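Engineer: Line by line, the protein sequences give chains A and B.
Each residue of the first sequence is one higher than the one before, starting from 171 at the first, in this note's numbering.
Each residue of the second sequence is one higher than the one before, starting from 95 at the first, in this note's numbering.
One should not assume that every hint holds.
The calculated lysine-lysine pairs, modelled on DSSO-like cross-linking and capped at a C-alpha distance of 27 Å, are [as the list claims (entries may be wrong)]:
| id | chain 1 | residue 1 | chain 2 | residue 2 |
| --- | --- | --- | --- | --- |
| 1 | A | 261 | B | 168 |
| 2 | B | 156 | A | 429 |
| 3 | B | 235 | A | 261 |
| 4 | B | 115 | A | 429 |
| 5 | A | 429 | B | 171 |
| 6 | A | 424 | B | 149 |
| 7 | A | 261 | B | 171 |
| 8 | B | 156 | A | 424 |
| 9 | B | 168 | A | 424 |
| 10 | B | 168 | A | 429 |
| 11 | A | 429 | B | 249 |
| 12 | A | 429 | B | 303 |
| 13 | A | 424 | B | 171 |
| 14 | B | 333 | B | 358 |
Quick caveat, the hints were computed from the structure, so don't treat them as lab data.
Quick caveat: nothing in here was measured; it's all calculated off a predicted structure.
Take a look at the letters that make up each chain.
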Amino acid sequence: MIRTAYQEQFIAFETIVRREIMRFLRIWTQTLLPPVITQTLYFVIFGKFIGSRIGDIQGVSYMAFIVPGLVMMAVINSAFSNVVSSFFSVKFQRSIEEVLVSPTSNVAIIAGYVMGGMIRGILVGWIVFIVSIFFTRPNVEHIGIILIFILLTALVFSLAGLTNAIFAKKFDDVSIFPTFVLTPLTYLGGVFYSIHSLPGFWQKVSLFNPVLYMVNGFRYGFYGFSDVSVISSIFFLIVLSGILIYANVYLLQKGTGIKS
Amino acid sequence: MTAIQITNLTKTYANGTQALKNINLQVEAGDFFALLGANGAGKTTLIGILTDLVKKTSGQVKISGCDIDHDFSKAKKFIGVVPQEINLNIFERVIDILITQAGYFGIPRQEAFGEAQMLLKRLGLWEKRMNVPRTLSGGMKRRLMIARALMHQPKVLFLDEPTAGVDVEIRHEMWQYLRELNAAGMTILLTTHYLEEVEQMCRNAAIIKGGEIIMCDSVKKLVAVMEREVYVVSVQQVKPSVVLEKYQPRVIDETTLEVELSRKDTLHDFVFHLAQAEMILTDIRPKGHRLEKLFLEVLNN
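Next up, chain B with everything else stripped away, as it sits in the complex (with noise of 0.2 Å):
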């Protein structure tokens, strides 16, 4: 089954700027996607046309199987939305928030109350239920915009960069909750800037640029397109080496190395290299930020 079906979408704002060039996507359901790009790339909009934000310019979008040109109202009870900008109306309180949210969904204020309840106490919000937004934490904040986004159960989540600004304890709690999320069957859809938040948590991802989609794989496909890695040796003392040459080491510190191995390298080889130089292997592992690098690769062409 597919989440989201997207064919020849294309966006031209009044202005004339194109926002979305031809985009083609699919989502499979229960899929974890990450869509990655620049600021100003098309994610946001991509997502605005996707929650009737934004109209747009030609093209077909299907959610769940249903065309948004169609039955978008049926299309919209599939789709839960955690935007980017904080929107909550700033003097209600944040139970009537959640409730009020649920009736625009045309569920009752009894039976919202109880999905409310539930969604305040999982997302640490319960205490806070009689303030306003302007009295709560940027995290705060958004939870409450995830719980609101989850008040009519949809199949489908959109989040566009929803850990930014938040700290990074807060953001491996709501990581660990997208997680569950995904786990019961829920689609999701994230945009991020924090690329370890795609390699962490995502299954497939797309790299959007300039309006068009330029990649579009598995995560760990599009990590292992990377020719090379750089790994973070730890040895119990470094020492100068003619065999170590040809891997051009940077020396961090005393017990610390960097080496950036390509493909034909093995790690075989360059361990046995480093016992022959006559250090210790204490550690080894890849520097990371590996997608980041195919990342700024990509964009940089």
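Next up, chain A with everything else stripped away, as it sits in the complex (with noise of 0.2 Å):
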């Protein structure tokens, strides 16, 4: 049978995306379930324990407050790993081969690895939303926000772990970014607080800081409130992955880290 070169990268990328949910799948235990784990316990410890003595954030419950961020973490945590320690893991096995081999073009390796991410991503916030559902009841007011955000962010660090994956020389340098820069990002990015709690200085430096447009883009969502304007952080976030697509691009047709 005759095939378009469209419809042959469009199987290839298939191919990638299919491979990429058998990979989570088959090792359920390391990808789907510690962030529903570690999600779960925080909704314990800071929602129900240290939330009680907190009072009402601008109309909602601290509990109520956190589902948003905390969900938002669960999808950039697993949206990031999943593309950086797959790609990185066909890259250190030499099975990239495979595919660089092959006709697939960049756009559709990339779009493959980006998709799994994604995937894996939005799969675990909604079971970390489904968990929330047992410790209060989150409001939803603007479905089509909360859908554009989590796109959004999945997209972004899907791309972001890519781009990490690609520079990653050695097993440590698929964590340093995880450990140094994310971790920090997302705990100062609005999960657990508001920023107008912070003294103006910290207001300011938050500002720089793009997890909290994703946080704060998502829980107006729910809520209808954010520090920040929603239509900026949109705006923001495209422009991100647009950055991003355009480095991941470039990067691979240099062959930077994977061809000599």
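Starting from the two chains in their separate frames, assemble the complex, guided by the hints.
Structural biologist: Below you can see the structure in the form of structure tokens.
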């Protein structure tokens, strides 16, 4: 059967996505379970035990306030770590050569891995959200905004995971960014507090944290309030995605870390 | 029709190592071609460039008439590659590895399954289809890599030391299979250390040294370049003889001699002199490794 080049690239893309899904489902105890356990502990400790002493924030209970942030945190970590570990592992085993010797385009490779990361991120986020229902009843104000933010956030961090994996030369390099950049950014990204509760200087510093825009935009979808402008947040995430897509295409085209 | 056309190809790595220096090489469609060279001569770099794993510094490469600079995607459809190092995904099942590989070439799963089944059966891996590569023996992994390279029915097959570390029986099975593929019209280019492999299977060969092709000809002609040839001579009983002294025979045991004959010495004369020395000839054969000798001579100038 004769297929067009476009159809062939789509089959290659599908093949990568399928491989990625099979991979994280096969090792679900490492990929799906841990974030759910961690986030449940946050619900119990911060939401239930400590939250009951904090009181409401902008009219919602502390438990309900932290739900969007905790879901987003799970999406960010899962999307990022799926792509970084999967891509680095095929690079390390050199099985990446399977796709490099094939006609699969760099765009299809990027799209396939990123889609795999997004699916895992959103799936984990969904499970965490389901768990949150056992603790509180999160209100859903704008479902469209929720979907836009979850998709864009999963996209940005899947792309960032790929960039990290392209540059990584050893296993340590895979954990440097999550430990020293990603974790501080998420903890300081307004998951557990509103930046209005910070002194003026730190409020301004917080505005440089991209995670703040993701968490707040996402929270806006639930409760209709945000520390930052939702439209600017969407715009910012689209620009960030564009930059990361361009960077990844450029790096693969150049063969950084994979071709000598 | 030319399967591989390489013109003025060079490769200099980032650290300054010049791995390939102005390589010119042409492999005709349907050929069984060997690339010989010591470790680090540039064989793997050359295969790497032909398969898009290494970026060339300059020069032109055409595969089945398709220039890799203009349309590598199209050229890649003509190529299958079996690398030197095992590069299988250790977590994936044998059958999934093959179907995934076909997917990268734009072949849907249902279509790929039939091809995978045929290849796995032919290469004796069908029983292992649900296994992951780490449970396979070295020979099985090699055969799996051959199956993977053939999933999209390429016209040209590159094998980078395919039989390294494979036992004799499996090596001979693999040779047989490669001969079948070649007889069916597939162009095969292999790099190897086993010169016996080249003498047995290949029609043409090039010797590469320090990133340069220093000899390229038919295997027959390359062997014929040899000025001298060592023969193993079996007789009923080795006896001391003055007539044979000019051949300086080496006595191996009481029934075996080794003699090195130059092109001037005809085998006829030698056998005649052997009869004069009253030794009854039971067997005579070239010692083999002719190519190996040539190879070492060429490499050592």
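Engineer: Hints first: check each against the structure and report whether it holds.
Structural biologist: Hints, verified against the model:
no., hint, result
1, A:261 <-> B:168, "holds, 24 Å"
2, B:156 <-> A:429, "holds, 20 Å"
3, B:235 <-> A:261, "holds, 19 Å"
4, B:115 <-> A:429, "holds, 19 Å"
5, A:429 <-> B:171, "holds, 19 Å"
6, A:424 <-> B:149, "holds, 9 Å"
7, A:261 <-> B:171, "holds, 22 Å"
8, B:156 <-> A:424, "holds, 21 Å"
9, B:168 <-> A:424, "holds, 19 Å"
10, B:168 <-> A:429, "holds, 19 Å"
11, A:429 <-> B:249, "holds, 24 Å"
12, A:429 <-> B:303, "holds, 23 Å"
13, A:424 <-> B:171, "holds, 21 Å"
14, B:333 <-> B:358, "holds, 25 Å"
In the structure shown, no violation is registered for any of the earlier numbered hints.
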